[in-house]
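Chemist: Here is what each chain is made of, one letter per residue.
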Amino acid sequence: MSPQTVFAPWEDPASKPLIRFYGVTKRFGDFTAIDNIDLDIFEREFFALLGPSGCGKTTLMRMLAGFETPTEGTIWLDGRDIGPVPPNKRATNMMFQSYALFPHLNVRDNIAFGLRREGKPKDAIAARVDEMLRLVQLQKFAGRKPHQISGGQRQRVALARCLAKAPRLLLLDEPLGALDRKLREETQFELMDIQEKTGTTFVIVTHDQEEAMTVASRVAVMDHGKLVQVATPDVIYEAPVSTYVADFIGDVNILPGRIAAQDGTRVTIDWAEGQPAIAARTRLALAPGSAAYFAIRPEKIAISAARPEGAANAVAGKVLDIAYLGNISTYHVELPGGQVIKAQSANTDRIAAREFTWEDAAWLSWTDAAGVVLDR
Amino acid sequence: MRRFSWINATSLTLGFAFLYLPMLILIVYSFNASKLVTVWAGFSTRWYGELLRNDAFLGAAWVTLKVAVLSSTLATILGTMAAHVLVRGGRFAGRTLFSGMIYAPLVMPEVITGLSLLLLFIGIGLDRGIVTIVLAHTTFSMCYVSVVVSSRLVSFDRALEEAALDLGCTPFQAFRLVTLPIIAPAVISGWLLAFTLSLDDLVIASFVTGPSATTLPMKIWSSVRLGVSPEINALSTLLIGIVTLGVITASLVSKRAIASRQRDEQAAQQT
Chain D
1 MSPQTVFAPW
11 EDPASKPLIR
21 FYGVTKRFGD
31 FTAIDNIDLD
41 IFEREFFALL
51 GPSGCGKTTL
61 MRMLAGFETP
71 TEGTIWLDGR
81 DIGPVPPNKR
91 ATNMMFQSYA
101 LFPHLNVRDN
111 IAFGLRREGK
121 PKDAIAARVD
131 EMLRLVQLQK
141 FAGRKPHQIS
151 GGQRQRVALA
161 RCLAKAPRLL
171 LLDEPLGALD
181 RKLREETQFE
191 LMDIQEKTGT
201 TFVIVTHDQE
211 EAMTVASRVA
221 VMDHGKLVQV
231 ATPDVIYEAP
241 VSTYVADFIG
251 DVNILPGRIA
261 AQDGTRVTID
271 WAEGQPAIAA
281 RTRLALAPGS
291 AAYFAIRPEK
301 IAISAARPEG
311 AANAVAGKVL
321 DIAYLGNIST
331 YHVELPGGQV
341 IKAQSANTDR
351 IAAREFTWED
361 AAWLSWTDAA
371 GVVLDR
Chain A
1 MRRFSWINAT
11 SLTLGFAFLY
21 LPMLILIVYS
31 FNASKLVTVW
41 AGFSTRWYGE
51 LLRNDAFLGA
61 AWVTLKVAVL
71 SSTLATILGT
81 MAAHVLVRGG
91 RFAGRTLFSG
101 MIYAPLVMPE
111 VITGLSLLLL
121 FIGIGLDRGI
131 VTIVLAHTTF
141 SMCYVSVVVS
151 SRLVSFDRAL
161 EEAALDLGCT
171 PFQAFRLVTL
181 PIIAPAVISG
191 WLLAFTLSLD
201 DLVIASFVTG
211 PSATTLPMKI
221 WSSVRLGVSP
231 EINALSTLLI
241 GIVTLGVITA
251 SLVSKRAIAS
261 RQRDEQAAQQ
271 T
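Read top to bottom, the protein sequences are chains D and A. Be aware that the first sequence starts at 1, since it is given in my numbering, and climbs by one per residue. Be aware that the second sequence starts at 1, since it is given in my numbering, and climbs by one per residue.
For the record, the hints were derived by calculation from the structure and aren't laboratory data. Where hints are given, some of them may not hold.
To be verified - So these bits of chain D aren't anywhere near chain A, every CB distance computed over 12 Å: (1) SER53; (2) ASP173; (3) ASP375.
To be verified - Here are the in silico distance ranges between beta carbons for each label pair: (4) ARG158/A / GLY250/D: 28 to 38 Å; (5) LYS122/D / ALA259/A: 49 to 59 Å; (6) THR170/A / PHE189/D: 36 to 46 Å; (7) ARG88/A / ASP180/D: 45 to 55 Å; (8) VAL154/A / ILE254/D: 23 to 33 Å; (9) ILE254/D / ALA93/A: 41 to 51 Å; (10) VAL243/A / THR71/D: 34 to 44 Å.
Unchecked claim - Where chain D lies over chain A, by a calculated footprint (3+ residues, C-beta under 8 Å): (11) 114–122; (12) 164–171.
Every residue gets a Cβ at the ideal spot worked out from N, C-alpha and C, and that includes glycine.
Using the sequences plus the hints, can you model the full thing?
Modeler: Okay, structure coming up:
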């Protein structure tokens, strides 16, 4: 194997996945929670399952933990079919959304709980618990009961408890959902740090796209029990495969239209009466006249008072709304046809220097490589 | 705050007089020095002393205690198991029917319960005595236990059991190390409830007992037929005391559990 500078085992055909979902389907009565999923997750990955509630991401994780069994298909961990293995015999540990700390045990006993079940010698357990307490910086709170510590501390106890057994795979079910924003951001970095230190494979379930983008090496976007796209965060953001993914991750303008012409990677899209066709680039082969969507992120659209020179795409409109967020501003610009396009720009100047305000005419422009052409 | 009117005061007095006057009279007369129950002849604890020397009563008390401890313990084990299956067993055929049926003995006339048990014991040829009373009491008190325990289990976070399994517990270990310690207050108050029910019971015990075993309520009932003695009053007063103690303890245990749970939840919300 050649020395890798970038961690990307999914691109190396020789690397063996730690987890392999093989045609997995899960039904609850008539409801199909997971619909024929194939998925590989590799060792040391920080893998995020992302989707709205009810998309099946939690069911997928619970199947890894052993709380649900697939209706069809098999799940392999370390080259072994784990279908018949009960949760207590699996080399996986899970951090629950509610943390599920045992209220009758103190922090130390909570962390030691899993180790005691293995029947390890007492001093080995004590040493391991101390190590875990150090890792999550809770040495001072070892004697406290879960209800005597703060939410953030509880979250760390839960993490220490499931890391204590040094699992092959750690499952995190919305681990930061109960924390406030600032603490959540701090903890995201802490999680990444711990994941790197311990070298454990993490699978995280979240509905927070920012969280998934921040922590994960790869993100799987799910919808109605299916994997819509599995890719690194930057690919998910810059090259979504469908309008669903584009819309779910971040802010986006989606302009429906029809293919006017295609020449190699260059494509033009008719999208509105009286507006010039959008010039874009794509690798898809699209028949002229077929329906297509042009998706473009607001920050990739420039806004100016005068018509920009030499822009591949430029449209004129009227500023409808300005959302001032301090570091950036988002402009809602209404075109003559009634469409509203969002453009974002960094406030590099003081706000007083802005060229336009509400109801002013403004030009929007973007390059031909700024957006994505989607066929669904 | 509304003013406490005289109408409220009257209805409260009337209601409580209706409930507790008979018992109050009984307790007062248990301290009567006279042998005649209806004639007050001054305060005395004489009958309590007599009671302690009455072997028949003491024997009956001993039987009652044994029956109550054994049957409430059995009922607690069975009732907790039933509650666990009904709340946690997942979906299985007839679950709703079973959940409904667990409550049926609560409303079943005692005479019918007693009679059917008697027929059963005769049918299988079991000698009637302490064993049959214990079995009978277990039968009717286990549904009370399972009602108390299942109401606690319903609000129990399922993830706690799953976490225990995930950390390497067998399902039984998960129950013993995690579920049971957390629901212990409900189990204890269930036990106390079963204990008091067994202590009180006259009808079912009379049906299923044999000549060898007489419980205290049965003894009291048969003695009263020969005339009420001050000794019976003293005994009944003691019984009232024990039952009151049991009920108060049970409610205190569950109240404390609820209070501590609320405290935990509040603490969880604040942080």
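Chemist: For SER53/D, is the shortest beta carbon distance to chain A beyond 12 Å?
Modeler: At about 17 Å from chain A, SER53/D clears the 12 Å cut-off, so the statement holds.
Chemist: Are 3 or more residues of the region 164–171 of chain A near chain D, judged by a Cβ distance of less than 8 Å?
Modeler: holds (count 7)
Chemist: Just to be sure I understand the hint, the distance between the Cβ atoms of THR170/A and PHE189/D should be within 36 to 46 Å; is that true here?
Modeler: Check passed, 37 Å falls within 36 to 46 Å.
Chemist: Mind checking the hinted window 28 to 38 Å against the Cβ distance between ARG158/A and GLY250/D?
Modeler: holds (35 Å)
Chemist: Just to be sure I understand the hint, the distance between the Cβ atoms of VAL243/A and THR71/D should be within 34 to 44 Å; is that true here?
Modeler: Cβ of VAL243/A to Cβ of THR71/D: about 54 Å, so the range 34 to 44 Å is violated.
Chemist: Between LYS122/D and ALA259/A, does the C-beta distance stay in 49 to 59 Å?
Modeler: violated (35 Å)
Chemist: When you look at the beta carbon of ASP375/D, is every beta carbon of chain A farther off than 12 Å?
Modeler: ASP375/D is indeed farther than 12 Å from all Cβ atoms of chain A, at 42 Å.
Chemist: When you take the CB atoms of VAL154/A and ILE254/D, is the distance between them in 23 to 33 Å?
Modeler: violated (45 Å)
Chemist: Taking the CB of ARG88/A and the CB of ASP180/D, does the distance hold inside 45 to 55 Å?
Modeler: With Cβ atoms ~34 Å apart, the hint is violated.
Chemist: Any Cβ of chain A at or closer than 12 Å to ASP173/D, or is the non-interface label fine?
Modeler: Given that some Cβ of chain A is not farther than 12 Å from that of ASP173/D, nearest at about 9 Å, it is violated.
Chemist: Can the suggested window of 41 to 51 Å be confirmed for the beta-carbon pair ILE254/D and ALA93/A?
Modeler: holds (49 Å)
Chemist: Okay, the region 114–122 of chain A and chain D, do three or more residues pass the C-beta test at under 8 Å?
Modeler: violated (count 0)
Violated hints, in rising order: 2, 5, 7, 8, 10, 11; the structure is consistent with all others.
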